[in-house]
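Given the coordinates of chain A, work out where chain B should sit on it, guided by the hints.
Number of protein chains: 2
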Amino acid sequence: MHNSPIIAVDVMGGDHGPAVNIPGAIEAARTYGIRLALVGDTEKIKAELDRLPSGMLSGKVVYDIVHTDEVAGMDEKPSDILRRKKNSSIQVACRLVKEGKADGIVSAGNSGATVACGMFIMGRIPGVDRPALASVMPTEKKPIVLLDVGANVDCKPHHLFQFGLMADAYARDLLERESPRIGLLSIGEEEGKGNSQVKEAYDLFKMAKNIRFVGNVEGRDLFTGDVDVIVCDGFVGNVALKLSEGLSTSMSRILKRELLSSFLAKIGTLLARSAFKRFARMVDYAEYGGAPVLGLKGIAIVCHGASNAKAITNAVKMAAAFVEKKTNERLVEAISANEELTSFGKAVKN
Amino acid sequence: MHNSPIIAVDVMGGDHGPAVNIPGAIEAARTYGIRLALVGDTEKIKAELDRLPSGMLSGKVVYDIVHTDEVAGMDEKPSDILRRKKNSSIQVACRLVKEGKADGIVSAGNSGATVACGMFIMGRIPGVDRPALASVMPTEKKPIVLLDVGANVDCKPHHLFQFGLMADAYARDLLERESPRIGLLSIGEEEGKGNSQVKEAYDLFKMAKNIRFVGNVEGRDLFTGDVDVIVCDGFVGNVALKLSEGLSTSMSRILKRELLSSFLAKIGTLLARSAFKRFARMVDYAEYGGAPVLGLKGIAIVCHGASNAKAITNAVKMAAAFVEKKTNERLVEAISANEELTSFGKAVKN
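So the sequence lines, in the order shown, correspond to chains A and B. Take the first sequence: its position 81, counted from the start at 1, is 81 in UniProt numbering, and no numbers get skipped. Take the second sequence: its position 98, counted from the start at 1, is 98 in UniProt numbering, and no numbers get skipped.
Next comes chain A alone, as it looks inside the complex:
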């Protein structure tokens, strides 16, 4: 049998816990042959496994249960979870990777804690200054990678530079782009536009080896799909990500209210229903599963707390693909090829 990756799933994480994580993870195991380490309360895990439709747990599904009944809260400070909750499901899942018992983790729990545990338990890839949280975003064309979306709120120019290098590897392997176009998020397309951080990062990107830097992009370019990667600091990226979610929700809500306000419009909406459904699927974040933390020894996929089973399935699939394609090897290559330039960036601005 082919040795498929083992993905540790933080079963206790997220708003819905095992009720969503178990069916989501098992579906990934069943469909893609991914092996699982289900980390959490054994009793609750077994109860959810019992609830699955018969046939879902056929011989093809391979999983271990790794018991722990300590849970990291959604509102607890990541540093507290890291220091005090040694047996929380997220810490146990990360240790499985560190000990070589799993290849990556998936969690819909406290995202700050997942990033922190990933960094301090799984560990950084040597040469990577700051692991970054990347989000795969829907656009008018193909999905793109936006990073950092929240792991690093105060960044130096050389951090932005490394985010771009890591995302290049990700876009090549996971989004299957032959030569990803990398853009730097700014407030004007011309060189020289932006804040001081972005202007200095621009200079590093311009000199970078083995990547295709296309210059600055603006907020409006996030959804056209004309680049493959958009680099920004974690503060800006997090605002952009949440703003996008918020605006698409608000627009749908306003449109719905308008459409329900007259009889003719109601009939019209019924007739156009399938188009609305395709539209909703196109902007549905669950399609993309979760946000990978790039730069770790292994891989961690951070899922939205409100994730449904489909999002968990897609996140487990994403983690396994990342491992199978050996994306970290490609990432290390990109980082090392640009090591001197990164050092130069550090020296200029520290």
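What the hints contain is simulated information worked out from the structure, not anything from laboratory work. One thing to keep in mind: the hints can contain errors.
What the simulated footprint calls covered on chain A by chain B, stretch by stretch (three residues with Cβ under 8 Å from a Cβ of chain B suffice, anywhere in the stretch; the number is not a length) [what the hints assert, rightly or not]:
1. 114-122
2. 148-159
3. 193-207
Since the structure is predicted, the reported quantities are computational estimates derived from the model, not experimental observations. Positions of the beta carbon are idealized from the N, C-alpha and C atoms, including for glycine.
Frame of chain A; chain B shown alone:
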């Protein structure tokens, strides 16, 4: 006759120049009795005036033409325009305010140049460290003020603080909010979330006099309308503004494509047409006219380069209302009441 404000319009500015600026400005003069100073090439201005429907230039419409044939290009550097194009329509318009011949300006031209000329020709209000570009944004409820959206890309915490104070005055007078709720854009609602700049600005806001600070807000809160003012630095604000424009355009385009893909959906769309129209109007930036530069002696309204005549009309109306309501007096009060706190902010982080 009531002495209505005089608004200087940079007739040559914007993608469409006089063809849009003249009908837009005259409509504001005709409807609201605002007096105009039309700044630009006399011949082109007269040609457009001749083109207006008969009756639009009735006795009620009061305007002067201030001739200049130098134009500031959309792609020229603001500092170059400021230094070298002394007779550009934007500089001449700003000088009219400085010389007391006009009360405010409206321009759809190079927005960086408008901010720069506003600051260096019209001048800052004493006590204001950095004038800020504010944008009035549509939300699910009432419109709100987002600032800064691009005048200041590298900000200190006390700059953010003053942005909030200025926007408070604006929201009271122009949006008619009795006690505007002021939020600070960050990446989590709890105190202590954000980058270092935002965390320090939070401390200043918490101690502020005479304003209603409601704490951090997130990207997703931009369109719910649950606060009246959202404060951020000009880099983040500009990304947020352009991202919002881009996403609503992309969503409309995707939806249209989906709706035109089947016969039933096409029929449905026809039936729902009036709802779609109301929706489009609700998210139409032209309704709000333009973005005021707060903190100047006088007022400058920056319009989108692609503005239509309606946007210009609304911008001229906005400028006149700002003058009539004496919003700068209110702004000065808010700034002075918090002068010591601002100084404290400067001392802590400089």
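Exercise. Do three or more residues of the region 193-207 of chain A come closer than 8 Å to chain B, measuring C-beta to C-beta?
Worked result: Satisfied; 4 residues make the cut.
Exercise. Counting residues of the region 148-159 of chain A whose CB is closer than 8 Å to a CB in chain B, do you get three or more?
Worked result: holds (count 3)
Exercise. Residue count check for the region 114-122 of chain A against chain B: does it reach three with CB-CB under 8 Å?
Worked result: violated (count 0)
The structure fails to meet hint 1 from the earlier list, while all remaining hints are met.
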